[in-house]
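I would like the entire structure built from these sequences, with the hints used as guidance.
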Amino acid sequence: MAEYKGVLVCGELSDGKLAAITTELLGCGRRLADDLKEELCCMLASDAVGEAAKDAIAFGADKVYAVENPALKEYVADAYVQAADKVVAEVSPRVVLAGQTSVGRDLAPRLAFRLGTSLSTDCLELTVDPDSKLLTQTRPVYGGNAQAIFSSELMPQMATVRAKAMSPLERDGSRAGEVVAIKVDLDEAKIATTVQETVKEEAAGLKLEDAPVIVSGGRGMGGPDPFQTSLKELADLLRGAVGSSRPAADNGWTPEALHIGLTGKIVAPDIYIAVAISGASQHMAGCSGSKHIIAINKDPDANIFKEAEFGVVGKYEDVLPAFTAKVKELLAG
Amino acid sequence: MGEYDIIFCGRQSSDWDAGQVGLGVAEILGLPAVTLARKVEISDGKARIERVIPDGYEVVEVKLPAVVTVTSELGALRYAALKGIMAAAKKQPTIWKPADIGLEPSQVGAAGRRSKLDKLFQPVKEGKCEMVEGETGAEAGAALATRLREAKLL
Chain A
1 MAEYKGVLVC
11 GELSDGKLAA
21 ITTELLGCGR
31 RLADDLKEEL
41 CCMLASDAVG
51 EAAKDAIAFG
61 ADKVYAVENP
71 ALKEYVADAY
81 VQAADKVVAE
91 VSPRVVLAGQ
101 TSVGRDLAPR
111 LAFRLGTSLS
121 TDCLELTVDP
131 DSKLLTQTRP
141 VYGGNAQAIF
151 SSELMPQMAT
161 VRAKAMSPLE
171 RDGSRAGEVV
181 AIKVDLDEAK
191 IATTVQETVK
201 EEAAGLKLED
211 APVIVSGGRG
221 MGGPDPFQTS
231 LKELADLLRG
241 AVGSSRPAAD
251 NGWTPEALHI
261 GLTGKIVAPD
271 IYIAVAISGA
281 SQHMAGCSGS
291 KHIIAINKDP
301 DANIFKEAEF
311 GVVGKYEDVL
321 PAFTAKVKEL
331 LAG
Chain B
1 MGEYDIIFCG
11 RQSSDWDAGQ
21 VGLGVAEILG
31 LPAVTLARKV
41 EISDGKARIE
51 RVIPDGYEVV
61 EVKLPAVVTV
71 TSELGALRYA
81 ALKGIMAAAK
91 KQPTIWKPAD
101 IGLEPSQVGA
111 AGRRSKLDKL
121 FQPVKEGKCE
131 MVEGETGAEA
141 GAALATRLRE
151 AKLL
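Chain order of the listed sequences is A and B.
Reading the first sequence from the start, the letters are residues 1 to 333 in our numbering.
Reading the second sequence from the start, the letters are residues 1 to 154 in our numbering.
The set of hints was computed from the structure by calculation and includes no laboratory data.
We put the beta carbon where it would ideally sit given N, CA and C, even for glycine.
Fair warning: there could be bad hints in the mix.
To be verified - Simulated crosslink set (DSS-like; lysine-lysine; CA at most 27 Å straight-line): (1) A/Lys-291 - A/Lys-164; (2) B/Lys-63 - A/Lys-200; (3) B/Lys-39 - A/Lys-207.
Stated by the list, open to error - To be clear about the criterion: a stretch of chain A counts as covered by chain B if any three or more of its residues have a C-beta under 8 Å from a C-beta of chain B, and this derived list gives those stretches: (4) 3-15; (5) 257-269.
Laid out in structure tokens, this is it:
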């Protein structure tokens with residue numbers, strides 16, 4: 001039997017640069033590798049990996065496997081699974097980590113089944129059991145109402161990690177590491193999917209995931225208008241972005257790209273202001289990583305008040321304009 | 001067990017939320033898979049699929065047969081008409097037990113699990129929300145802003 005050693009991060013590039021999730025995975029992977037006293041490797045696949053490989057080292061990798069192939073320019077499952085499968089065969093890692101992202105949630109289950117191992121998706125916490133050296137995988141279940149801890153004896157140990165659940169290391173350009181170019185011959189006959197076009201629908205301005213402040217509205221907003229007026233006014237004032245809960249997006253009041261929750265965006269801003277949002281666990285799954293949650297809701301028993309740090313019970317039509325006016329006054333003074 | 005052009009699956013279950021079934025089926029059957037579809041059109045042995053990505057969607061073309069997992073954006077459920085409900089009552093669903101599809105007891109249920117559930121728990125909520133009050137909603141709103149300034153959040 002092959003020996004399984006080290007931690008392999010399946011990295012992602014975004015516009016040619018190391019994606020934020022990859023820096024988080026490297027932060028988590030570094031800790032696991034140190035606990036195991038083994039190496040941290042990172043796989044990067046694209047048509048040209050370039051400087052991102054050095055970045056991966058600066059964020060914690062000991063070794064970067066750069067897979068360059070024109071077919072890997074953008075994410076295509078059939079090509080990426082082949083590439084990842086070959087890198088895993090070469091590295092024989094004990095642990096394989098990917099992001100719980102558009103790419104990772106598509107790639108990781110296929111790779112796990114191909115390798116005949118198990119996978120825990122959307123993990124919030126990963127540790128190594130000091131005795132068995134197996135990965136202890138904590139992940140939310142039942143729409144975030146509960147958490148489960150899994151382990152598996154199959155190798156490699158695979159997990160995908162939720163965005164913003166892990167902290168990246170400080171970038172250190174002086175870190176030493178090695179970049180290994182791996183040539184992977186892709187079987188073109190097995191690539192049955194092609195991406196014809198990519199359409200961006202995101203509202204102009206600040207990306208929700210990058211906003212330090214998010215002002216979010218729910219079903220209680222009653223219609224699309226407040227998202228353009230009162231919520232936007234407050235968000236602009238705080239240099240933040242507007243988000244919504246799933247009912248608001250399902251009703252067509254906001255574009256799906258603004259939907260925060262289990263099946264939407266997962267955000268972790270400094271300040272999250274939830275207006276007329278009841279705080280169902282599916283919504284909280286998307287924002288519970290926020291540093292400070294502030295809630296305005298007319299129902300004193302709304303779940304959001306169990307999650308918030310500051311709250312006001314009242315109709316948003318009464319509370320919000322006065323709140324915004326006072327914020328404006330305080331920021332001006 | 002039968003012929004198929006497309007196998008549709010949901011994106012994830014509402015209990016374990018793993019999101020692995022569709023992709024596992026694809027891998028076992030050696031089929032391509034497209035996840036998070038919000039629109040599917042078929043022509044000439046191919047499916048043209050709008051796949052949801054974080055900042056919009058991509059149009060993916062896949063050769064059939066294929067596995068497609070769908071998102072809630074695919075559309076709302078139709079209401080069942082009375083005629084349909086009556087017709088459904090007369091139909092008998094086919095129910096297969098593991099043995100009917102050639103599986104051994106060791107391959108299903110807890111015995112067939114690839115990973116072990118060590119613990120299931122509800123995270124403790126701290127529930128330390130500070131309620132800001134006022135005579136009216138407007139007063140409470142203004143008081144909230146003042147309180148946030150005190151707490152250096154503004």
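Review point. Within 27 Å, alpha carbon to alpha carbon, are B/Lys-39 and A/Lys-207?
Key: Distance of about 25 Å is within 27 Å: holds.
Exercise for review: Would you mind confirming whether the straight-line C-alpha gap from B/Lys-63 to A/Lys-200 stays at or under 27 Å?
Suggested key: 25 Å, holds
**Study point:** Pair hint A/Lys-291 and A/Lys-164, alpha-carbon separation not exceeding 27 Å
**Key:** Answer holds: A/Lys-291 to A/Lys-164 is near 12 Å, not above 27 Å.
Point to revise | chain B over the region 3-15 of chain A, status - at least 3 residues with CB closer than 8 Å | key: It is violated: at least three residues are needed, and the region 3-15 of chain A offers just 0 whose Cβ sits closer than 8 Å to chain B.
**Study point:** Proximity test - 8 Å, beta-carbon atoms, the region 257-269 of chain A to chain B, at least three hits
**Key:** Contact hint for the region 257-269 of chain A vs chain B: holds, 4 residues under 8 Å.
When each numbered hint is compared with the structure, a violation occurs for hint 4 only.
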